[in-house]
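**Q** Listed below are the residues making up each chain.
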Amino acid sequence: MAGLIDLRDIFFVEADELLSALEEGLRAIQTGAHDTDTVNAVFRAVHSIKGGAGAFDLKALVGFAHRFETVLDALRAGKLQPEPALLGGLLHASDHLADMISAARQGNATDPEHDERVIAALEQHAGGGGSKEEEAFVFEPLALDGPFGIDAVRLPLPSGTRDVTLTFRPHAGAFASGHDPCLLLRDLCADDPAEVCLDQSALPDANSFDPGQSYLGWKVILQTERTDPQLLAIFEFIDGICDLTIASAAPPIPDVAASLPPPSSPPLAPVPSAPPIPANTAPAQTSAPPAAAVSPAAGTGPRPTIRVDIDRVDRLVDILGELVIHQAMLTEAIEQSPGFGSVEVDRSLDQLRQLSRQIQESVMAIRAQPVKPLFDRMHRIVREASMAAGKAARLVTEGEATEVDKTIIERLADPLTHMIRNAVDHGLEKPSRRTDLGKPSEGVIKLAAAHRSGRIVITVQDDGAGIDREKVRQIAIDKGLVAASAELTPQEIDALLFLPGFSTATEVSALSGRGVGMDVVRSEIAGLGGRVGITSVRGLGTTLTISLPLTLAVLDGMVFVAAGQTLVLPVSAIIETLRPEPGMRHSLGQADSVLDVRGRCMPLIDVGMALGFRRSLQPGEGEIVVVVERGDDGAIALMVDGIRDQRQVVIKGLEANYGQIPGIAAATVLGDGSVALILDPTDLAASGQSPSRPVSPLAAE
Amino acid sequence: MRATGSATDPNVRELVAFRTARQDFCVDILSVREIRGWSRPALLPHAPHYVQGVINLRGAVVPILDLARRLGLEPIEDTDRNVIIVAAIQNRIVGLLVEAVTDILTVPSSGVQPTPDLASETTRNMLRGVVVQDSRLIRLLDVGQLLPQDVEPAA
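One line per chain: the protein sequences are A and B, in this order.
Quick note on our numbering: the first sequence kicks off at 1 and runs consecutively.
Quick note on our numbering: the second sequence kicks off at 1001 and runs consecutively.
Simulated from the structure, these hints should not be mistaken for lab results.
Just so you know, even glycine gets a beta-carbon here, dropped at the ideal spot from N, CA and C.
The reader is advised that the hints may include incorrect statements.
[Said to hold, decoys possible] The following residues of chain A were derived to be distant from chain B, with all beta-carbon distances above 12 angstroms:
1) Glu14
2) Asp16
3) Leu203
4) Ile241
5) Asp318
6) Ile325
7) Thr331
8) Pro338
9) Arg433
10) His451
11) Thr459
12) Leu567
13) Leu611
14) Asp645
15) Ala656
16) Ala676
[Unchecked claim] FRET-style restraints, in silico, Cβ to Cβ:
17) B:Asn1091 with A:Ala401: 31 to 41 angstroms
18) A:Leu588 with B:Gln1023: 47 to 57 angstroms
19) A:Thr489 with B:Pro1114: 31 to 41 angstroms
20) A:Lys479 with B:Ser1110: 50 to 60 angstroms
21) A:Asp9 with B:Asn1091: 55 to 65 angstroms
22) A:Leu588 with B:Glu1077: 36 to 46 angstroms
23) B:Glu1077 with A:Gln590: 34 to 44 angstroms
24) A:Asp318 with B:Asn1125: 31 to 41 angstroms
25) A:Asp672 with B:Asn1091: 27 to 37 angstroms
26) A:Ile310 with B:Leu1030: 53 to 63 angstroms
My request is simple: use the sequences and hints to build the entire structure.
**A** Right, here's the structure in full:
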């Protein structure tokens, strides 16, 4: 039975993906995108969940999904309009569907009465009860071989399918401007059965072959519902630098099953020597038995995925780091050996370098994931929190494509949930109060992610009341967290919110206000090696900022020398490097100096001194300045002795065996096998003011 | 040089003996991962005086503790004949810089005597006992004490 259990796992993984597609679609409709594609996508998501649930005999789920689907079908057919009340019902139903699925995953069931209430409420919004034909409940185990990504919805709709023959021949200019025909063909064939033939008739013999020219063309026979303009849109960016023709070959074929296997002999035979080459991602299964109905590639379901233990990936990353280091060592050794200079060796080394970079990128891509799924989950948090608190709130997300290491994403979910709930519960005012203040009654919570100075910065911003500092101070005094006589700056008062046992909510609510929250958030973020900051403007809102270090295993670094030590700066943080004229440097106070770069003044810090490696500068030291950005605060100028190289470096954490060091993000291993520290410029500037902050167990005596 | 001593016999202890600052020390062989030659460490900013820096140990970044300085003994000569004993201490990998590894001792558990009262507080805290062998006094280090206690890994 292990096989069935595996399939169940896959079902739940896919169900999660479908649920997020469902919710995303509903949100899109909510913001006015009432196009057929979006509605269809929503419908398909519910339908696919129903299909999968049917295959695993999850009756309650099938029943719920079926009635849900019926309402969506009416919406799709235009019988219903996406009014706010209906959409609210749909979103609620989608949340409940998610609950049912997670209950089913644990082998439990949700309360049937509750199920009924939710769906009945939806049908109420939809006007009248949904039809309950039982026959649709029956699902054949056929769904299993998809394993359920099969898009059965497409089956009743073959009328729009037609055969299209498309010939495509890029010009040399297309390659010069970086187009990849492979990607275009992949797009073209992504959703439909396709046969792609390579036309290499123009290929000259080897002697007259010019690698700068374009010799290849492709002929694609496609069975698609898409219109010519839709197909042409794929080639929009290559327009004018390729030959492209489109011809609709066959009229719609009435028989569904017969239409699916592509014509046994393509109407236009390819060059005899070139056999038909299946498109990369859409294997045109010419031999697929009609019983299979649709080839897997024809479905619009998620691409096949595998689940891998993160430890295995980590191991791969470690080995890869070793590979990069040894490749650098090999290169250095060969360059220094007397026999160096052979063209073959050079070429092989070049190949090796390219390959290892490609492996690196691929492995990193496995670990790095966009924050989108995490952010998507927060929509529900906002919905539930605002409903429970009797407030109106909307979540706006930004920078969803920002890629973050998978382990970080997983560990961000809890703190982020806390922060969002807090923003709704404590940040936003009640709608009536907002109206009195002249604000829109619906509060906006903005969740944004970005890469900045080689760190990942996530902000949660609300447009609520801001922090009532007097109240915060009073509570802190009442709870004995600070002395009544303490004079606190606004920043210090804001920081009180992160103290354990602090809670400002006058009434304890179900969501937050039990005095756990912000201190937990802070310690969880600290556990990831990050920092949390808070800023607030009275009446305008509060912004919480999480700044996380690089733990993506590789970064582009600039290798430089200061005080005899080899160090690395993240290239992403560097604005420019320069050799300052004497007149650009100005003293400020006793020891500080600033650098005037084209009228912009910035603090000037010697890296060697900031790290405590030297007390003073000798002639010839610190003569090169690297200007780096520093969070929101503008730029700082770092003095270094010399710049060595720019290369990819493998990030090695210092935390495991030593601890955190102010001003240092991590370490790396260079080509000669020695260790170099990676600077964190923002932190360096801050720690420069207090040179000894013992934060490491080894550092604390 | 991976230590796979006869840990099965509870009555016999295998100890790696080494020399630094003209004194003999030893550690339990089970905490020793490997012994390697000296390589120049990268300096760590804001580090205590006994932390020499970090080195690359097959991809892991490992801090190097100068044992003589850690114990408050006179500093050892800075030469590349020194060796690094790589030890696992409470889930951390740490390198101990010493002058030379002398031998591997097999002693019965009864051969380890308690540290004499004469020793100073600091020294006694870091020793588990002493072993007398061939008129040499070999100090058994408590490696766990080399790292300061009750400090959480970096907040």
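**Q** Against each hint, give a clear statement of whether it holds in the structure.
**A** Cross-check of the supplied hints:
{"no.": "1", "hint": "Glu14", "verdict": "holds, 37 angstroms"}
{"no.": "2", "hint": "Asp16", "verdict": "holds, 33 angstroms"}
{"no.": "3", "hint": "Leu203", "verdict": "holds, 46 angstroms"}
{"no.": "4", "hint": "Ile241", "verdict": "holds, 46 angstroms"}
{"no.": "5", "hint": "Asp318", "verdict": "violated, 6 angstroms"}
{"no.": "6", "hint": "Ile325", "verdict": "violated, 7 angstroms"}
{"no.": "7", "hint": "Thr331", "verdict": "holds, 17 angstroms"}
{"no.": "8", "hint": "Pro338", "verdict": "holds, 25 angstroms"}
{"no.": "9", "hint": "Arg433", "verdict": "holds, 38 angstroms"}
{"no.": "10", "hint": "His451", "verdict": "holds, 23 angstroms"}
{"no.": "11", "hint": "Thr459", "verdict": "holds, 22 angstroms"}
{"no.": "12", "hint": "Leu567", "verdict": "violated, 9 angstroms"}
{"no.": "13", "hint": "Leu611", "verdict": "violated, 4 angstroms"}
{"no.": "14", "hint": "Asp645", "verdict": "holds, 16 angstroms"}
{"no.": "15", "hint": "Ala656", "verdict": "violated, 7 angstroms"}
{"no.": "16", "hint": "Ala676", "verdict": "violated, 6 angstroms"}
{"no.": "17", "hint": "B:Asn1091 with A:Ala401: 31 to 41 angstroms", "verdict": "holds, 37 angstroms"}
{"no.": "18", "hint": "A:Leu588 with B:Gln1023: 47 to 57 angstroms", "verdict": "holds, 51 angstroms"}
{"no.": "19", "hint": "A:Thr489 with B:Pro1114: 31 to 41 angstroms", "verdict": "violated, 55 angstroms"}
{"no.": "20", "hint": "A:Lys479 with B:Ser1110: 50 to 60 angstroms", "verdict": "holds, 57 angstroms"}
{"no.": "21", "hint": "A:Asp9 with B:Asn1091: 55 to 65 angstroms", "verdict": "violated, 32 angstroms"}
{"no.": "22", "hint": "A:Leu588 with B:Glu1077: 36 to 46 angstroms", "verdict": "holds, 44 angstroms"}
{"no.": "23", "hint": "B:Glu1077 with A:Gln590: 34 to 44 angstroms", "verdict": "holds, 39 angstroms"}
{"no.": "24", "hint": "A:Asp318 with B:Asn1125: 31 to 41 angstroms", "verdict": "holds, 36 angstroms"}
{"no.": "25", "hint": "A:Asp672 with B:Asn1091: 27 to 37 angstroms", "verdict": "holds, 29 angstroms"}
{"no.": "26", "hint": "A:Ile310 with B:Leu1030: 53 to 63 angstroms", "verdict": "violated, 30 angstroms"}
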